[in-house]
Every structure is written in structure tokens, then in C-alpha cells.
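With chain B held as given, fit chain U onto it using these hints.
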Amino acid sequence: MLYTTPSGTRDLLFSDCVRRRETETRLSRIFDARGYREIVTPVTEYYDVLLRGFPVPQSELFIFPERSGKLVALRPDMTTPIARVAATKVDCTIPRRFCYLQDVFRAGTQVRQAGVELLGATGIRADTEVIALAAESLAATAGSYRLEIGHAGFFRSLVESLHAGDAFAEELRSLVNRKNFASLQDVLADYRESPAYAALCRLPQLFGGEEVLNEALTLANDCVGTDEIDYLRRIFRELQAAGFGPNVMLDLGLVHHMDYYTGVVFRGYVSGAGAPVLQGGRYDGLAGLLGRSTPATGFAADVDALAETFPAPRETPVEYVVHVGSTALRRAMDYCDSRPGACVCSPYETTDESRALADKLGARLIVIE
Amino acid sequence: MEPLKIALTKGRLEQKSVELFEKAGYDVSALRDPGRKLLLDVPHTDPSVVPLSAVLAKAPDVITYVERGVCELGIVGKDTIMELGKSFYEVLDLGFGKCRFALAARPETDLDAPSYRPRVIGTKYPGVTRAYFNKRDIEVDIVKIEGSVELAPLLGLADGIVDIVETGSTLRENGLVIKTEIAPVSARLIVNLAGMKMRKSEILDFINRTQAAL
Numbered sequence: 001m002l003y004t005t006p007s008g009t010r011d012l013l014f015s016d017c018v019r020r021r022e023t024e025t026r027l028s029r030i031f032d033a034r035g036y037r038e039i040v041t042p043v044t045e046y047y048d049v050l051l052r053g054f055p056v057p058q059s060e061l062f063i064f065p066e067r068s069g070k071l072v073a074l075r076p077d078m079t080t081p082i083a084r085v086a087a088t089k090v091d092c093t094i095p096r097r098f099c100y101l102q103d104v105f106r107a108g109t110q111v112r113q114a115g116v117e118l119l120g121a122t123g124i125r126a127d128t129e130v131i132a133l134a135a136e137s138l139a140a141t142a143g144s145y146r147l148e149i150g151h152a153g154f155f156r157s158l159v160e161s162l163h164a165g166d167a168f169a170e171e172l173r174s175l176v177n178r179k180n181f182a183s184l185q186d187v188l189a190d191y192r193e194s195p196a197y198a199a200l201c202r203l204p205q206l207f208g209g210e211e212v213l214n215e216a217l218t219l220a221n222d223c224v225g226t227d228e229i230d231y232l233r234r235i236f237r238e239l240q241a242a243g244f245g246p247n248v249m250l251d252l253g254l255v256h257h258m259d260y261y262t263g264v265v266f267r268g269y270v271s272g273a274g275a276p277v278l279q280g281g282r283y284d285g286l287a288g289l290l291g292r293s294t295p296a297t298g299f300a301a302d303v304d305a306l307a308e309t310f311p312a313p314r315e316t317p318v319e320y321v322v323h324v325g326s327t328a329l330r331r332a333m334d335y336c337d338s339r340p341g342a343c344v345c346s347p348y349e350t351t352d353e354s355r356a357l358a359d360k361l362g363a364r365l366i367v368i369e
Numbered sequence: 370m371e372p373l374k375i376a377l378t379k380g381r382l383e384q385k386s387v388e389l390f391e392k393a394g395y396d397v398s399a400l401r402d403p404g405r406k407l408l409l410d411v412p413h414t415d416p417s418v419v420p421l422s423a424v425l426a427k428a429p430d431v432i433t434y435v436e437r438g439v440c441e442l443g444i445v446g447k448d449t450i451m452e453l454g455k456s457f458y459e460v461l462d463l464g465f466g467k468c469r470f471a472l473a474a475r476p477e478t479d480l481d482a483p484s485y486r487p488r489v490i491g492t493k494y495p496g497v498t499r500a501y502f503n504k505r506d507i508e509v510d511i512v513k514i515e516g517s518v519e520l521a522p523l524l525g526l527a528d529g530i531v532d533i534v535e536t537g538s539t540l541r542e543n544g545l546v547i548k549t550e551i552a553p554v555s556a557r558l559i560v561n562l563a564g565m566k567m568r569k570s571e572i573l574d575f576i577n578r579t580q581a582a583l
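Line by line, the protein sequences give chains B and U.
Just so it is clear: in the first sequence, position 162 is 162 by the numbering used here, and no numbers are missing.
Throughout, the numbering used here is defined as the position within the second sequence, counted from one, plus 369.
Next comes chain B alone, as it looks inside the complex:
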């Protein structure tokens, strides 16, 4: 018989836990220093609430009835729970900073996330704060990283200028998102005369430094507003001046979750992980869905993917096996406390058995009678 964990879940043993904890410690230290305050929410949410929040396909949720028969789901992200808290419990007419270290359950897997949300603040000061925090979070954990920044509005206004249907917009989004240069040109063939054609075809290649913004302006050819490009330029320059250098890039083809993000979007990568380890952006529509309109920006990082980039810590070897006599409990505990991590108390009552254990572990036997 095999006793495995359910699919999409795993056990973390010893050094895995050390790495996870270290990652979380470093992240929480940065979050805390910037005034983000931790919240913990239940592992389940009412399905009704999730339907009003971040759009997650039903097939990716773990849904089950609670005792009353009402449907609940394991939280698929932390954005909706925070929006619920903000809408019902916190006055967000002044800016509020939340952070969290919690598991989310999505598409059959359990993922440990660390993230922040800045609610009740709009504009460049809030956006640069959160993007810089994302970059620092990657720098503090993985070391070698890239953070790419885009803008949901640029793609959206290009597509709107085509006056095509939603299904076509979604097809374009998917092709741009996958940098599928070839098919994008085929699909846009009927729009060759449109002023947005050149920019849309080139969009997947528009990633890199500030030069991509200049190219985008030339290509966009006055067919769309240039506010988004100017906004990205200001953010990019601020981040350059703050010393983030080539780790921060621009990608105008970054168009994931377009139905949700309303402003800047960003994604983080680290060496050794094939998939993005951090995702975020601005969304000013969500809390409104829950009853109170609040601007919001934030990100979530995959804690275990970041922890994987640390070298595996060596397990501390046991140096002393402490044989504890019947009146020696306090002294034995003090002895162990004075050598943290190096001692274990023997669970045996005779010194012979304790000695055998010490030999087995390659440790010294300390007898405290």
C-alpha cells in the first residue's frame, strides 16, 4: 500500500522548511519595514464572494458545500480575500498596506504565497513603491532576477482602436502573451490598414530598456493615447535612478489577466526557475465589485520557488546525547539550551542504552545524574 499526499500537494521536510522559513523571514522583514501589516484569512471563502473577485475558472477551484449546504472554496489567491476584508472591515479612504504569507489552492495545486496589497492609493507614487518592493523582494531572496513591467492600458487601447469583438481581442491577447509573432501577423491580416496594425504586430518584441517605449510611440502613430507610455517611462526612470539597473525591464507584450488589471502590470523571474515567480499589477475595479470602490495594487510571490534558489542548508549534526537521570531534568534542559541544536536528550532510562544511541549517531554521551 502506498501512502502518498494528494496530487498537487507535498510534504516539506527539515531543510526544505529551513529554506522556506528563511525566505519568509527575509520577505516579511522587507514588507514590515515598508509599513505593510500582516493579515491572515480563512483557508475557505464563500463561492459567492469568489465569483465577484479575481476571475478564476470554476474548473481551477476546489469547491465543496459547508455544513449548511452553502458552497465554499479553498482560496485560489489572496487578492479576493483582501478585497473582502477591505470592503467590510477597514477604512480605505486613507491608504492601507496589507501583507500575507499564506497558501493558495489553484488548478489542483497548493502554493505558498508571500505578497502585498496597497489599497486606497492611486498614481505613480503607489505604483513605484510596490514595483520597487517586488524588485527588492527578489533581490533579497534569489539574488539574480529580472522584473518586467508593462501596462494593461496600452494593449487595450490598441485593440479598442480596431473596433473588433471580444473574442478577437482575446485571441490577440493570447498570441501577444505567448509572443507568437508569426500567427499574430496572420490573424491581423484583415487589419493591415488600421493605424494600430504596426504596433500590435511588433508588440511581442517590444521588451527591453527605455528604447522600447520610443519604438512604441513611433509605431502607435498617434492612433492611441500615449499616456501609458509616458507613465511607464516615468516609472522606469525612477527605478533606474533608484539603482535597480538592468534587473528591471519593460515588456509591452505583458498582457496576462487583461480582464482584471487596469494599469501597470509586472512579473518577476529568477535564475533556476523556468516559470515566473512573482506576478502583480494595478487593479482598480475589484473592491468595487465587493461593494466599495477602492484603488489597489499589489503582487504575490511563489515562496517555495524562491526558496529553491537557496543552496540546501546542511542539517545540524547531533553532537551530544544527554542521558537524563531521574533528578536531572532541569540541569539537562539547561545543558541543551546552552548548546542550541547540538544536543538531544536520550529517551532511555539506562546509560547503556543511551551510550548505544550516542554511538549510533556518532555523538558524545553526556550523563547528567
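None of these hints come from the bench; they were simulated from the model.
Errors might be hidden in some of the hints.
Said to hold, decoys possible - EDC-like cross-link-like pairs, simulated, lysine to aspartate or glutamate; straight-line CA separation at most 16 Å:
1) Lys374/U - Glu436/U
2) Lys493/U - Asp510/U
3) Lys89/B - Glu38/B
4) Lys392/U - Asp415/U
5) Lys374/U - Glu571/U
6) Lys569/U - Glu371/U
7) Lys504/U - Glu170/B
8) Lys70/B - Asp48/B
9) Lys504/U - Glu171/B
10) Lys569/U - Glu210/B
11) Lys569/U - Glu211/B
Coordinates of chain U only, in the frame set by chain B:
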């Protein structure tokens, strides 16, 4: 220089991929005669160009390697991409390995006519088949077949088949006709999401070289 790792699909696409690299200026002698080696060095004739390190793999494995990031690049057929639909950048249509996905059946079978029961479709590509019928709101019962898919309608196992078709001669010889062309298929160059960002200039340089050699 740290080589760029590239996964190549064994078999049908292999020869053309090797020719493409040769035209792009790479020394492909290791690829022409791999022997028992699994990781093959493919240096460029210009030593300032980042070399490649190639692996030959089955098509679904190429996608796994690229998605997981153990290879930055891959060459794989659009058929496998459509079937597995994972996350990576699909940056070039290499134009070789051309064929198409088609829905085929016996001439008298009308797959579009309204039906009380789900269509039974035999295929090696259940993902592509489900996506095609779902999009049209037609219920379908998919029978996964590993070998000669054309047999399924002849034996009465299925109403039709979804398969890749090159010339259509196998279909014709077995009395089947193409009912719908689902999608064209050809070899694609795919790139890992993180790799594209972490090694941008080297990968763009490789894409440009490859495109110029097409």
C-alpha cells in the same frame, strides 16, 4: 560562454532542424552523428556567437523541457503544442514539417447534422479534438487510439477521426474524406518564459540568426 540549451524533436523534424542550424552558421557535425551522446555541442563557426547545447527528444518532452526551463529553446510541431497547450513563448514558424489537423469520416457521415447522441471521435489528440468540438458546442465521446486511427470509422468504433494529415493518401485509400480542416501545422521555435528575460540578448540573437536562415 554558457551555451543556450535547445531541445530538438527527434524524427520528422530533426533533419530539417539540423539543416537550418547549418545554414545559420553552426557546426552541426555532432548533430549529424550523435552516436550515444545525449547532450550535443553545437558551436557557431563565429566564436563570438553563443554556442548551443542540443538534446534530441520526443515532441512532448521538448515541451516539458522548455516549459520547466531546463532548456531555454525548443523546436517542436504545432500539433504537439496544440495538444498540450503549456506555457512558453512561440516565436517563429519555421515553415517545415508542414501538415494539417483534419476531421475526417466516411463520405456518407454528416458530422454537422443535429444528433441525439454525442459524436464518437477516434484520435491520438484528445486535447485538440475536445477543444474543436467544445468551441462548436457539440458533445463528443473521444476514443483515444495509439496506432492506425483510420481504422476506427471502418470498424464502426467511431463516427469520425481527428488526425494530422500530410497528403491525405492514407485517408483516400481507406475510403475516408476530410470533412473539416481544423488547423495548419508546422515546426515552431519555442522559448522558455524566464529564459527569454534572463538571457534576452543571446536569445534574440539566436532568433534573428534562425529567421535569417529560413
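Outcome of the hint check:
1. Distance hint between Lys374/U and Glu436/U is fulfilled; the C-alpha atoms sit about 13 Å from each other, no more than 16 Å.
2. Of the pairs offered as hints, the one joining Lys493/U and Asp510/U holds, with about 13 Å between alpha carbons and a cut-off of 16 Å not exceeded.
3. The suggested pairing of Lys89/B with Glu38/B holds, with an alpha-carbon distance near 15 Å, which does not exceed 16 Å.
4. Straight-line distance between C-alpha atoms of Lys392/U and Asp415/U comes to about 13 Å, which keeps the hinted pair within the 16 Å bound.
5. With a C-alpha separation of about 12 Å, the suggested pair Lys374/U and Glu571/U falls inside the 16 Å cut-off, and the hint holds.
6. A hinted pair counts as satisfied when its Cα atoms are at most 16 Å apart, and Lys569/U with Glu371/U qualifies at roughly 14 Å.
7. Proposed proximity of Lys504/U and Glu170/B is supported: the alpha carbons are some 14 Å apart, at most 16 Å.
8. Proposed proximity of Lys70/B and Asp48/B is supported: the alpha carbons are some 9 Å apart, at most 16 Å.
9. With a C-alpha separation of about 13 Å, the suggested pair Lys504/U and Glu171/B falls inside the 16 Å cut-off, and the hint holds.
10. Distance hint between Lys569/U and Glu210/B is fulfilled; the C-alpha atoms sit about 15 Å from each other, no more than 16 Å.
11. Between Lys569/U and Glu211/B the alpha-carbon distance is near 15 Å, which keeps this suggested pair within the 16 Å criterion.
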